[in-house]
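I would like the entire structure built from these sequences, with the hints used as guidance.
In this note's numbering, the protein residues as written are 6 to 180.
Hints are computed from structural coordinates only; laboratory data are not their basis. As the structure is a prediction and not an experimental result, all values here were calculated from the model. Just so you know, not all the hints are guaranteed correct.
[Stated by the list, open to error] Using 20 Å as the maximum straight-line C-alpha spacing, the simulated SDA-like pairs for lysine to any residue come out as follows:
1) Lys58 <-> Cys78
2) Lys113 <-> Ser87
3) Lys33 <-> Glu150
4) Lys127 <-> Tyr31
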Amino acid sequence: MIPLIGNAAKRYKRPVSQKWHIDETYIKIKGEWRYLYLSVDSQGNTVDFLLTKYRDIAAAKRFFKQAISQHPCPLTVTIDKSGANRAAVDSFNAGFTRYKPVTIRQNKYLNNHIEQDHCNIKRRVRSMLGFKTFRSAQILLSEIELIAMFRKGQFVLSRNCTLSPSEPFFLMGFK
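This is the structure in structure tokens:
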């Protein structure tokens with residue numbers, strides 16, 4: 006049911022700004038650490054997220070390609086000192102010459118904006134004591150992010166600003 010809600014919610018998602026913050030965090034699945042790539046824009050809205058087994062250049066490229074396929078190309082990207090994220094953005098700049106190159110801001114302290122967004126996920130995952138399977142982690146993390154997006158007001162559902170927690174689901178067609 007959750008993937009259906011997530012797919013329906015994509016139609017109502019507000020556009021994001023062109024300044025992104027990209028980071029990854031660790032999630033324990035069946036006793037092993039996996040990596041959740043997450044990006045938010047300059048206003049704190051979630052751009053995209055991806056759970057991967059490895060923290061390497063291929064995973065970073067896949068995440069960046071997925072984020073750009075759903076949103077306009079960013080003007081600036083703020084990342085930490087991760088070499089994989091830098092290589093993914095550099096390969097995008099080299100491969101797509103029709104766009105203006107993405108400016109990379111790489112500093113440990115500039116990315117505090119997204120580190121605060123990780124707290125929401127970590128708080129919920131900590132109480133669950135990890136996940137049993139990779140698939141269940143993907144489903145539950147997408148649910149956690151979807152609820153966080155509703156709380157941030159990232160969806161255009163109604164002109165009425167005061168919606169109860171269940172009303173967005175009814176407005177999307179889940180009655």
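Results for each hint:
1. Lys58 <-> Cys78: 26 Å, violated
2. Lys113 <-> Ser87: 10 Å, holds
3. Lys33 <-> Glu150: 17 Å, holds
4. Lys127 <-> Tyr31: Measuring from Cα to Cα gives roughly 9 Å; hence the hint holds.
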